[in-house]
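Take the given structure of chain V and dock chain X to it, following the hints.
There are 2 protein chains.
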Amino acid sequence: MFESAELGHCVEKSAYDQEVPALREALLNAQFDLETARKFPVIILIAGLDGAGKSLTANTLNEWMDPRYIQTHGTSDPSDEELERPHMWRFWRQLPPKGRIAIFDGSWYAWPIFERAAGRIKNAKLDQALEEVRRFEQMLIDEGALILKFWMHLSKDAQKKRLKKLESDPLTRWRVTERDWKHFEQYDSFQEISERALRRTSTAEAPWIQVEAVDPRYQKLIVGKTLLEQLRLRLGNPAPKAGSVQVAPAAPNLDGRNILRSLNLEQKLDKQVYERELEKYQGQFNLLTRHKAFRDHNVVLVFEGVDAAGKGGAIRRITQAIDARICHINPVAAPTEEERAQPYLWRFWRNLPRRGRVAIFDRSWYGRVLVERVEGFCSEADWMRAYGEINDFEEQIVNSGGIVLKFWLSISQAEQLRRFEERQHSPFKRFKITEDDWRNREKWGLYETAICAMLDRTSTEIAPWTLVESEDKYFGRIKILRTLCQRIEERL
Amino acid sequence: MFESAELGHCVEKSAYDQEVPALREALLNAQFDLETARKFPVIILIAGLDGAGKSLTANTLNEWMDPRYIQTHGTSDPSDEELERPHMWRFWRQLPPKGRIAIFDGSWYAWPIFERAAGRIKNAKLDQALEEVRRFEQMLIDEGALILKFWMHLSKDAQKKRLKKLESDPLTRWRVTERDWKHFEQYDSFQEISERALRRTSTAEAPWIQVEAVDPRYQKLIVGKTLLEQLRLRLGNPAPKAGSVQVAPAAPNLDGRNILRSLNLEQKLDKQVYERELEKYQGQFNLLTRHKAFRDHNVVLVFEGVDAAGKGGAIRRITQAIDARICHINPVAAPTEEERAQPYLWRFWRNLPRRGRVAIFDRSWYGRVLVERVEGFCSEADWMRAYGEINDFEEQIVNSGGIVLKFWLSISQAEQLRRFEERQHSPFKRFKITEDDWRNREKWGLYETAICAMLDRTSTEIAPWTLVESEDKYFGRIKILRTLCQRIEERL
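These protein sequence lines are chains V and X, in that order.
For the first sequence, the positions run 1 to 492 when our numbering is used.
For the second sequence, the positions run 1 to 492 when our numbering is used.
Hints listed in this document are in silico derivations from the structure and should not be mistaken for laboratory results.
The model shown is predicted, which means the values in this text are computed figures rather than measured ones.
Where is the CB? At the ideal position from N, CA and C, for every residue including glycine.
Incorrect hints may appear among the rest.
Mimicking DSS-like on lysine-lysine, the simulated pairs with C-alpha atoms at most 25 Å apart in a straight line are [claimed, not checked]:
(1) X/Lys122 x V/Lys122
(2) X/Lys125 x V/Lys125
(3) X/Lys280 x X/Lys268
(4) X/Lys125 x V/Lys122
(5) V/Lys268 x V/Lys122
(6) V/Lys125 x X/Lys122
(7) X/Lys98 x X/Lys225
(8) V/Lys429 x V/Lys268
(9) V/Lys13 x V/Lys165
(10) V/Lys156 x V/Lys182
(11) V/Lys161 x V/Lys182
(12) V/Lys165 x V/Lys182
Facing chain X, according to a computed beta carbon distance under 7 Å, are these residues of chain V, among others [claimed, not checked]:
(13) Leu352
(14) Glu389
(15) Ile397
If you anchor each label on the Cβ, the simulated ranges turn out as follows [to be verified]:
(16) X/Arg354 x V/Glu115: 22 to 28 Å
(17) V/Asp180 x X/Arg340: 43 to 49 Å
(18) X/Pro216 x V/Glu461: 47 to 53 Å
(19) X/Phe114 x V/Glu461: 28 to 34 Å
(20) X/Asp255 x V/Leu235: 39 to 45 Å
(21) V/Arg290 x X/Leu235: 16 to 22 Å
(22) X/Glu375 x V/Leu235: 28 to 34 Å
(23) X/Arg173 x V/Ala118: 53 to 59 Å
Bound-form chain V, shown alone:
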């Protein structure tokens, strides 16, 4: 889920210096309009790891805008006044009135996440607390509030580096305490809990926006620009009607980096190495499916990728390895009449495998947030809610013993063109290329945005995406088989 916030996003100083004056002016103007219209309050949550620049961000917003109309709230220990009332009382006190902005550092997420991290509550209790939070935010949205939730993320390496750097400098050494290193040791479990929290509370109306916290300039610009864009959107539009879905906030792309472009597509495998590895992993996979413990699990494999990325070839290398009786391939095309008369996930539910079986989906339920989004086959409200519905769906599979693997096969635009042309000129491949393929190709940029959003919102700790560099087919196929064997082995 945090993959996109580990790409080394950064903004050059010169670019930053050039952008900030205009941004500040625009923010001030928007704040003035907000204050004048008094139509809705703005609630900004800044959450994430210690040391991920949360207070820096809050201070910057105060600096850039008129601080008289911004309230900033930390999450210190509750006062005795607060202790004697329901947990949420302190936050109700701190809510901004219409026309004002409040920034919450930590906010109502701090308590459930830290209690879980400390082991004082279990997952069921955590979910209960998160559900309370979700209802609270839903109420705020129904009352007209604009809520922006920023999650500041540092990779484990980046956090370690940051702590080391502070420690090595005599001037900042005092800032690193034993407690910080203790928290660092809990990094993995903290991330797992945070991911659960984000997944449960990233709703269509108030999704989390992840921000990589390595470069402060990048961090500040992302927050400032997102805030400006959302303010303008809401100020320009009439108040949303009760119960209607707002346009969901999304972060702008500042530096052109994204998770797809960060893949190294030049990775290759020799034919000889490929053949050796193929045999090895196919054999391993076959043995795993005959393992006694395999009977208690089912395997759901999802293959997605642009046209001609090599899904079919990769799938064949898997099916070759196992008994056809325990494996079923579901090629996903346009839904049938019967399927169109049901909720969109229905046709995938009906094809879930029994225990001890493998179901392969050649394209899948992700069509909703890819082709249906890009082509406008469903409304924005529909695909926005789909992320949560898909996460629910996969969680139910995993909770009932399923192993879910999702592969995104990635190739460059140039390689796609090469493969398209090859298909057109090869008599036995010509059926594989249609007008649609050429049309989709023209929408490469739109698809890229949709794919990145999909990876951000649905790569979860229980059903992560595996990105497969498929420029070289050999390399891609082996990566898929190796990942498959690893994940099944872990689970058995």
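Leaving out everything else, chain X in the frame of chain V:
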């Protein structure tokens, strides 16, 4: 919460026989239109106690309509096919396509409620399961489904009578097993769990409809008429846009009975008895507030009632009894400018008392679902979501040690008129009567509907409503003080 379903609702045989032919014809026509339009599926849940006529209702709907286009699903033990897949798989299989009706007897609510009743899961886990259910239903609604959720209710007495009656007849004796009596012993805990389930899943779009299950004719007519009305509403309107709020289903009033009209307003107290009891309970209340354990709790008292029902007088009898320093009265009038700039519950949150204190609300947050609903000060979507928000609010107070008592003071229309006139003719009471009071009086019927809905949806096991027969002020005041003392004593 189940008060309205314990009033002895019934329909005379002659009235029933007269109504049914037209209802059947109309239902058949609506079903035909549904099947022809194929715009949305209809999902009917029938839940509640064993023996509360669930299968009877399902059979009746099949008899009244064309059973070829109705699927009826019981909740038997899952098959081996179903056991090997996620819990919800069986229900996904059973979903009706657009244009069709499915009836679920028990449905996805059976498992969480029975697991909790058997003590195999705790409340946190129950809430987690209910939250999954809520998300599932939300998805169905977003996909366009019409969901009707009927809860068949029998009071404890009524269930006992039913079992005894079956047992006493040699022809039906075999139907009553030991298991039935064992379930009967769990009646109270089952009701408590059911209430929690209903509270968590009674959403604005798919609220529960409670049906008293004593008289089968009443039961069948309620279900049939509600279904017909909802079908007609949805068939007549264009498909709701994604994310928009549907008109919430509500049951029609068939026999003119409701919880307000069922009160015996003729109950009286002698002045002498009144004075003796007043002294007794005021003294008791005073002692309770000085109890050591009282310091760990706060008390929130809500007074609602039609104009001139005697709220002020009742409140004075309470404040007389205790130290003014620990008690605060909040007279609730139109919100201030500052309050209008916040969510509607904000002005009540800010007045929550600390521990060891008593807060009295003379009118309250229930204004949202009473005056604001009736006068159209907020949209239907707004007051529909308010029930859930209010339940959340009160649950948070109770969970943090609060004791919430809510009094509805009830008088007849004639008595109100008498008091209005008295006020107009008494120089020191004239300030208490305004044009508004006379206007409200004209909307008695609308208010009655709103009050009954409020009692149904917000009288919870943790914060129940007390209905106070206030035709005789003495009687009303003593009932309030006695209830107050009892509830505090229970909690300390």
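Right, here's what the structure says about each hint:
With a CA separation close to 12 Å, the supplied pair X/Lys122 and V/Lys122 stays within the 25 Å bound. The hinted pair formed by X/Lys125 and V/Lys125 meets the criterion: a straight-line CA distance of about 8 Å does not exceed 25 Å. With a CA separation close to 18 Å, the supplied pair X/Lys280 and X/Lys268 stays within the 25 Å bound. Taking the CA atoms of X/Lys125 and V/Lys122, the gap is near 10 Å; set against the 25 Å cutoff, the hint holds.
For a cut-off of 25 Å, the pair hint linking V/Lys268 to V/Lys122 is broken: about 45 Å separates their Cα positions. Between V/Lys125 and X/Lys122, the direct Cα distance comes to roughly 10 Å. Compliance with the 25 Å bound is thereby established for this hinted pair. Restraint check: the Cα-Cα separation between X/Lys98 and X/Lys225 comes to about 21 Å, which is no more than 25 Å; the hinted pair holds. For the hint pairing V/Lys429 with V/Lys268, the CA-to-CA distance comes to about 24 Å; that is within 25 Å, so the pair holds.
Under the criterion of a C-alpha separation no larger than 25 Å, the hint pairing V/Lys13 with V/Lys165 is consistent with the structure, at around 21 Å. Proximity of V/Lys156 to V/Lys182 is assessed by CA-CA distance (about 13 Å); at most 25 Å being required, the pair is judged to hold. Taken as a hint, the V/Lys161 and V/Lys182 pair is honoured in the structure, with Cα atoms around 15 Å apart against an allowance of 25 Å. Under the criterion of a C-alpha separation no larger than 25 Å, the hint pairing V/Lys165 with V/Lys182 is consistent with the structure, at around 17 Å.
Interface restraint check for V/Leu352: the shortest CB-CB distance to chain X comes to about 5 Å, inside 7 Å, so the restraint holds. Because the closest C-beta pair between V/Glu389 and chain X is about 5 Å apart, less than 7 Å, the hint holds. Taken as an interface hint, V/Ile397 checks out: its beta carbon lies about 6 Å from the nearest beta carbon of chain X, inside 7 Å. Against the hinted window of 22 to 28 Å, the Cβ-Cβ separation of X/Arg354 and V/Glu115 comes to about 24 Å, which satisfies the hint.
A hinted range of 43 to 49 Å holds for the C-beta pair V/Asp180 and X/Arg340, which are about 45 Å apart. Under the hint 47 to 53 Å, the C-beta atoms of X/Pro216 and V/Glu461, about 51 Å apart, fit the expected range. Taking 28 to 34 Å as the suggested C-beta distance range, the pair X/Phe114 and V/Glu461 conforms, at roughly 31 Å. Here the CB-CB span from X/Asp255 to V/Leu235 is close to 53 Å, at odds with the stated 39 to 45 Å.
For the hinted restraint 16 to 22 Å between V/Arg290 and X/Leu235, the CB-CB distance of approximately 55 Å leaves it violated. Between X/Glu375 and V/Leu235 the beta carbon distance is about 30 Å. The supplied range of 28 to 34 Å therefore holds. A beta carbon spacing of about 58 Å between X/Arg173 and V/Ala118 agrees with the range 53 to 59 Å that was offered as a hint.
In terms of the numbered hints stated before, the structure departs from hints 5, 20, 21, listed from lowest to highest.
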